[in-house]
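Fit chain B to the supplied structure of chain A, relying on the hints for placement.
Protein sequence lines, in the order shown, are assigned to chains A and B. In terms of this note's numbering, the first sequence opens at residue 3 and continues consecutively. In terms of this note's numbering, the second sequence opens at residue 16 and continues consecutively.
Think of the hints as simulated: they come from the structure by calculation, not from any bench. Hints should not be assumed to be uniformly reliable.
What the hints assert, rightly or not - Which chain A residues stay away from chain B? Per the calculated CB distances, all over 10 Å, these:
no.: 1; residue: G4
no.: 2; residue: Q137
no.: 3; residue: N143
no.: 4; residue: R329
no.: 5; residue: G362
no.: 6; residue: R427
no.: 7; residue: T529
To be verified - Reference listing, derived: stretches of chain A covered by chain B, where coverage requires no fewer than 3 residues with Cβ under 8 Å from a Cβ of chain B:
no.: 8; region: 6–12
no.: 9; region: 609–618
no.: 10; region: 629–641
From the three backbone atoms N, C-alpha and C, an ideal C-beta is built for every residue, glycine too.
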Amino acid sequence: MGEFKVHRVRFFDYMPSAIRTMAFNSQTERLAVARADGAVEIFNFNDNFFQEKVIPGQDGRAIEALCWVGHRLFSAGLNGEITEYDLENLRPQYTVDAYGGPIWTISSNSQGTQLAVGCEDGTVKIFAILEERIQFQRNLNRHKGRIISLCWHPSSAQIAAGMTDMITIYDAETGQATRRLLVDRAMGASKNKEVVVWSVGYLSDHTIISGDSAGKVQIWNGLTGTLVRTYLVTKWDVLVLSVSKDESSVIAGTSEGTVIQFQFISSTLDQHDKEWVRTRTFRNHSHDVSALAHTDTAVVSGGMDTQLVVRPLLDKVEKNTQESALRKIAFPHRSLVGCAKKAGLLLFQFPDRLELWKLGESEGHGEQHTHTHTLGEDHICCSALSACGGWLAYSTVSSVRLYRIHVMISVSSSLQVPKLPKELRSVHQLCFSSDSSKLFASSCQSSVIVVAVSQQECRYLHTLKHKTVSTMLYRLHLLCASDDGKWLATANTDCEIHIYNLHKMKLHCMVPVYNSCPTTIAIHPVTNNLISVHADQQIFEFSLVQKEYTQWSRRLQTQGLLSLWLERDTPITHITFNPKNPDHIILHDTYMFCIIDQSLPFPELNAVLWNQMTLKNLPVSQRIGQSHAFKICKIFQHLMCVSLLEDLSLVVVERPLLDIMSQLPAPVRQKKFAT
Amino acid sequence: MAALYEGYTLCGLVPDQNLSSSGIQGIEEERDRDHVVVTDSTRSVTLYKVSDQKPLGSWTVKQGQKLTCPAVFNSQTNEYVAVTDNKVIRIWKEDDILLDKAFKATVSSDVWKVHCTHGGEPVVLFQRGAVRLLDSLLAAPQQPIEEVLAQEETIRWSTIIVAETQQFIIITTEQKGEHFLYLQRLNPNSVQRYRLEREEPGLSPLSFSAIYKDKHICLLYLYPNGHMYQSVLSVRGLGTEEGVQALPLPRSLLLGLPVGDGQLEAASAMALDEAHVAVVGVPHPSAGGGKDFLCIWNTNFQTLQAGKEMAGKIYGQLWSYSNKVFIPHGKTLSIIPFECPKSSLASALGKLKHTKTEGELNQTCHTLRTTRKSQSTTNLTTDQVLELIKTAPVEEIQKEVEGFLTRSEFQDLQPSVGQLALTLVSRSLADPAFYSSSTLAQLVHTRCLCHSVCPDLVLLALEKKDYFLCQLCLQFFPDIPEAVTCACLKTRAEDKKKASAPSQLICPVGLHKAVLINEILQTPYSDTFLLPHLKDLSSQNVMLFLQYLQFLYLKYSQDAFPQMEGFRSPSLSQIMDWVCLLLDAHFTVLVMTPEAKGLLLNLHSFVKSQVRLVSELGKIEGSLQQLHKMKAKESIGQYSIEIIELF
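Chain A with its partners taken away, still in its complex shape (with noise of 0.2 Å):
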């Protein structure tokens, strides 16, 4: 195949937030995470832990608790307002204040009639949720000291709430506190630190389980209030539980980084009385575990270390397959970097600024051109490069900004298009012409925003719409415009893909819905065949003239990808073409990036998938008979981005997980020698 001249970067400093909290829907299947930055992600757990959904965070939200009601999404922070998210837009929709100081938790009832809030003035406040808002109810016998952790009874009739040093049922009803439940402190020379109860549980048999800070995990009698049994969990504290669905396993987070299971089990084989046990330990993270999932079949956890990680309960699964793997989710499923083939330009988006470099023509440094800072105090939800180098536009959820960049030999100048047509307010996902003249954004409701732009002006054309069918308008989160433009391409989060026609500025076809969401597409320059890999890893080729599938995408499906491809646990979420080899696709997850060569026989099912050592140690002659059309490079990790360059040369940006952990505070609990 050949040499590559590979520009190999690793001066974007992406750092991760901290995962604080996150809550799971049962129902939908999907997994709302909040992380230290403000920012809420939602993953589809039912098309391959898939990020589908990012709402960019603000400077000061700090989100402290989460909570699905049915399909709507409440936060709660410190700052002591109640949120409910627009899950269409990616926005908030609104806001209520609490007025009781910083809220530390948030919890629906069963029906999803009555959220709690647990607030810093001592007071839990119950919110009735209405169709569009909720509505302050009333508040539940103030007591002193902040309430920290809140569980509804599943009844509905009974809260139970963690406080320091104890732990208070209140009648839902009256508002009264039925119960007190003393809990002890740590033992030994922190007996005078008061002890806080991080978490609670409320079991339908009136069990109440509750995690503190002195590392006790205890299982009370709700009813009579007496207290159980006492599991001494960690030195820590155990920052957080959750509970199964069916109430026969409860699992608790520790600041040490481990997740312990506890069972409802009968302690012996003939016995029939059952009793929580503690049974297993997981240990998947290094710092604190601050946010858990307990799902029907795995154990969901994340904290400090940023990571999200899915450990599937063996005895729930079915072993040694896709789905009894463990996952990490350490990256965004989307490109935070932006290329600028001609100009060999890279733009780097944090969630407050932009990074402009510039790449160096041989051995050395390349240059850092422009820091652009946001205004106000939103975070940048999604940016573009055009290729040529020259604009640069970004957006966050109330406004978008574009800029003229010069870039000269050492300093660059970027210059901010005053007046922007008032069409352009909240984008999800921005893309320029490859001409540069044009400006692509997604906006509300399915519909494309057209803008020119040029020196002079910046003018408002078209919006592209398409009729459709379900009352739903899914928010387009990949745009892609084809190298002649002629063409764009958009694709929503249910999976749909449009063509439209830029010509006659109309819908042009729909690609036929797969039942995964597509992660990445591109328009080939040459075919103008739409290329579009989903997430359960299939990828598919689309003739843009003909309407249909191509022959090649046929025989992939056909013949079937290697169960290795399959089951590479981190999306494709970039693809270039190669301008002098079109049989050539060039796509990467976070560990490979690989060349797709179309000319090339599919591997067979028994077929070794990476294959580059085999190939290297076979002399010339017979690496012809031997290569397949999968070439795959592991050289390479942590992959942020990989993209061609107009001259031919590979750009690969890493952000090794190693440096990511090395800016991590240190942990409670290291692992000595021996120990």
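For chain B alone, kept in the frame of chain A given last:
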């Protein structure tokens, strides 16, 4: 000590009628250490399993054809390669039964030999000096082969050597009585030609052997007069100029072997490791003139380490693979296992390791001589100088000895220096007025002396209070007996300065004495022999000595005492060893001495801290071991441009 073990027979031989050749062309290592391929001088190749002493397979070429080079085994392809009738290359596998049906290719020029290292690709060396990789040769067998050697120049010997990853072919040639050496690097090819220094006229080297050590190729060659030379070739910096011009090849005499009557005829020397040489066909020094011996010599100490008489005629052939010597003699091919442990004075004499190599030694002597060359006036022989020493005044002796040392070659120096020193010492002993310190120091400086040659020298120096000479002796003599070491120590201690209440941080002895004691601490010794003599020291001496050792120990442990260049200081372990020895020898006395109490307590705390250190080191040993296993990760900067290749 190196040792030769009981040998065994691999196979019988069919030597020539007149017993001039053993009938074996070559022995090559096969797939592993236990398999060899033996090529006889006519038609057949046999594969042997060495430990079973039995043939596993044999291949013979047709009548009328002749194997002209030893078969080699290509471990990359598991094939054998040999040459018949000079021009036909034959390649076969173990399961090929008939050689005639196996692959053959005729090349355009006569082949001298095929060489192959284990795991490497075979290399074909042509009689006219050209070198080809087998694969590239077979790609076009009839390709023209260039002539590297001059007219009338013929190859005498050749070998292949792997230096790091580079393969080198070494060729020695003869042209009109002159000998040359070609160092041919492969891939990229380059060649350098060297001219061997002439030995006595008419003498050609009997055998060559080459090994690779310390980034240099050491070539060893033996002349019929028993002289064994070593030449060191650098493998670096080769290939800048094509070696048309023959560079002179510097050599150093490694051993002068006894030749008995006449000259050596069928003899061979082979380097076994850095310090040991196997020699065959040379008389045993203590067994008369018979030449049927296999001997192992240590070249560092020039000592015979092991010898074995071989029955029957010796053909001067010798191979060695994996600690076994293969030697054809009489009508058998014998295998003799041997062992060459790393030789050091520690093993022979005491605790000190001999780190200087012979090469360095020679060099120092060489420089010593050349610097003084200009001063020589008269040319006296050894006997004349000896006569002179018996009568002449100190100044004249000094001048003549100096001149003599300058004139003499290193290899002749050894016996005469001993004689000179002996005569000087005996005159000094007989005549108390006569003492020539500088001459003796000069003799000691040649490093050709040792204690056993001139046992009275150190005691004489002590008697005359010539501490500088003492120090030199202690430094250069490898074999000072423990009794003499103790005597030195005693003199030193008696000569102590009367420091009042020696503090731990003040050196309890003067500088000159400290230097001498340091030298004593570094002399080799063995505990058993030293202990009885140590007991002779008075308790006062022991106290002082212990105080000094304590001072040294503190110095070392406090500020990581910089080991100064050129400043000979004992190691921490030597200090601790001496402390232990002294305490062993005098513990009962010291316990009873009130002044020693503080000292003993201090020493006790040292021991405790040492024990702790060692136990802590033991704890982290496992972790440190992991460091070895870790791959050195290349550091990748923030930005680099790299080239990758996809297939």
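message: So, against the hints stated earlier in the document, which numbers end up violated here?
response: 1, 5
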